[in-house]
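Mind docking chain B on chain A? Use the hints.
There are 2 protein chains.
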Amino acid sequence: MAFRYPGGKKYIKSNHSKVTDTPARFANRGMSLEQDINETNKHYNATGKAVIHKKPTPVQIVNVDYPKRSAAKITEAYFKQPSTTDYNGIYRGKYIDFEAKETKNKTSFPFGNIHPHQVDHMKQVLHHGGVSFFIIRFSIVDETYLYDASHFIWWYTEQTQRKSIPKQHIEENGHRLAIKYAPRVDFLDIVDHVYYS
Amino acid sequence: MAFRYPGGKKYIKSNHSKVTDTPARFANRGMSLEQDINETNKHYNATGKAVIHKKPTPVQIVNVDYPKRSAAKITEAYFKQPSTTDYNGIYRGKYIDFEAKETKNKTSFPFGNIHPHQVDHMKQVLHHGGVSFFIIRFSIVDETYLYDASHFIWWYTEQTQRKSIPKQHIEENGHRLAIKYAPRVDFLDIVDHVYYS
Chain A
1 MAFRYPGGKK YIKSNHSKVT DTPARFANRG MSLEQDINET NKHYNATGKA VIHKKPTPVQ
61 IVNVDYPKRS AAKITEAYFK QPSTTDYNGI YRGKYIDFEA KETKNKTSFP FGNIHPHQVD
121 HMKQVLHHGG VSFFIIRFSI VDETYLYDAS HFIWWYTEQT QRKSIPKQHI EENGHRLAIK
181 YAPRVDFLDI VDHVYYS
Chain B
1 MAFRYPGGKK YIKSNHSKVT DTPARFANRG MSLEQDINET NKHYNATGKA VIHKKPTPVQ
61 IVNVDYPKRS AAKITEAYFK QPSTTDYNGI YRGKYIDFEA KETKNKTSFP FGNIHPHQVD
121 HMKQVLHHGG VSFFIIRFSI VDETYLYDAS HFIWWYTEQT QRKSIPKQHI EENGHRLAIK
181 YAPRVDFLDI VDHVYYS
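Listed in order, the protein sequences are those of chains A and B.
Under the working numbering, the residues of the first sequence are numbered 1 to 197, in order.
Under the working numbering, the residues of the second sequence are numbered 1 to 197, in order.
Source of the hints: derived by calculation from the structure; they are not laboratory data.
C-beta atoms are modelled at their ideal positions from N, C-alpha and C, and glycine is treated no differently.
Some hints could be false.
Said to hold, decoys possible - Label-pair distances were calculated between CB atoms; the ranges are: (1) B:150 x A:92: 17 to 25 Å; (2) B:197 x A:48: 46 to 54 Å; (3) A:154 x B:93: 18 to 26 Å.
The shape of chain A in the complex, shown without the other chains (with noise of 0.2 Å):
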């Protein structure tokens, strides 16, 4: 199912170094969470610390022309939604899966662009016993926390009222995270002080 973002939204990915688009929204504040996030694996996965990988984005191949001599060229396709979370892998023998996303809000983190299936996804990660959580970056006062599944999953599912999480309950339930050289997004030192203590 091809989909467009909210909003009539452009499609950035920011580690396709051929899309010539800059994201806008980053121009003044060095890299986004995903490069962040991307470099903090690249340095886990080469310490041997972890196992942690990106999926790739989930595409819907229509069309692929073979020319002679050079390699298969996709000349359509169209974005899909995805039905899993992001990131997922392996960190001292548990499985881990999280949700990497910005927002631009001051006071809260909306709902927006998380999937009904992305939250089931969780709900049966945690139910397996894995490690299932959200780093939530607020971009505007540049601030990153790593904050539990079972959080967003009940304001997701077991109120109606709202939908956003307020800010406040992620600073108080989450887990700040401090952005340093290497790794940029330390967020398994988090992980060991939540899960493994």
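The following block gives chain B in isolation, referenced to the frame of chain A:
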């Protein structure tokens, strides 16, 4: 990095219904191994037995059109070499990670199409305590085996005489999978015996 399959073989994605090419080699066989495993995972996910998904095909997106009032259309993209295996997830609290391959070869399983960083990835998964294996189908004789990654890694890295694994070794050290109605390829039944007993 864009690539072309060895021998200029066409990309055929069996679960992309709009791609009309029919994979000739499965014409008499019913379902491909990939379809069998996707059905099996769907069954596991739906019954709450495990959470296992196929990763999307990695694609390097070069150009995207944003027509008004319709879905963003990818007009230029290339297949990328995968850096991990195709399937992962969680089962009985453990991280599960595997690759599925079919071969038309009758007497051995060739290394072709397995990339060095996929093998590195499997090594790392084992190192971190995950379950890692291949599901190998010899399509001419229609035999399907679960074969632990440690065996594959040995043949791939510890000897230089052969570029394939003798089928006999897979028969003797792997585990034959029966093809059933639902789930089609009940590999978790074997996983129970091999990794949890």
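To see whether the hints hold, each was checked on the structure:
1. B:150 x A:92: 17 to 25 Å: Since the Cβ atoms of residue 150 of chain B and residue 92 of chain A sit about 20 Å apart, the hinted range of 17 to 25 Å holds.
2. B:197 x A:48: 46 to 54 Å: Cβ of residue 197 of chain B to Cβ of residue 48 of chain A: about 29 Å, so the range 46 to 54 Å is violated.
3. A:154 x B:93: 18 to 26 Å: 23 Å, holds
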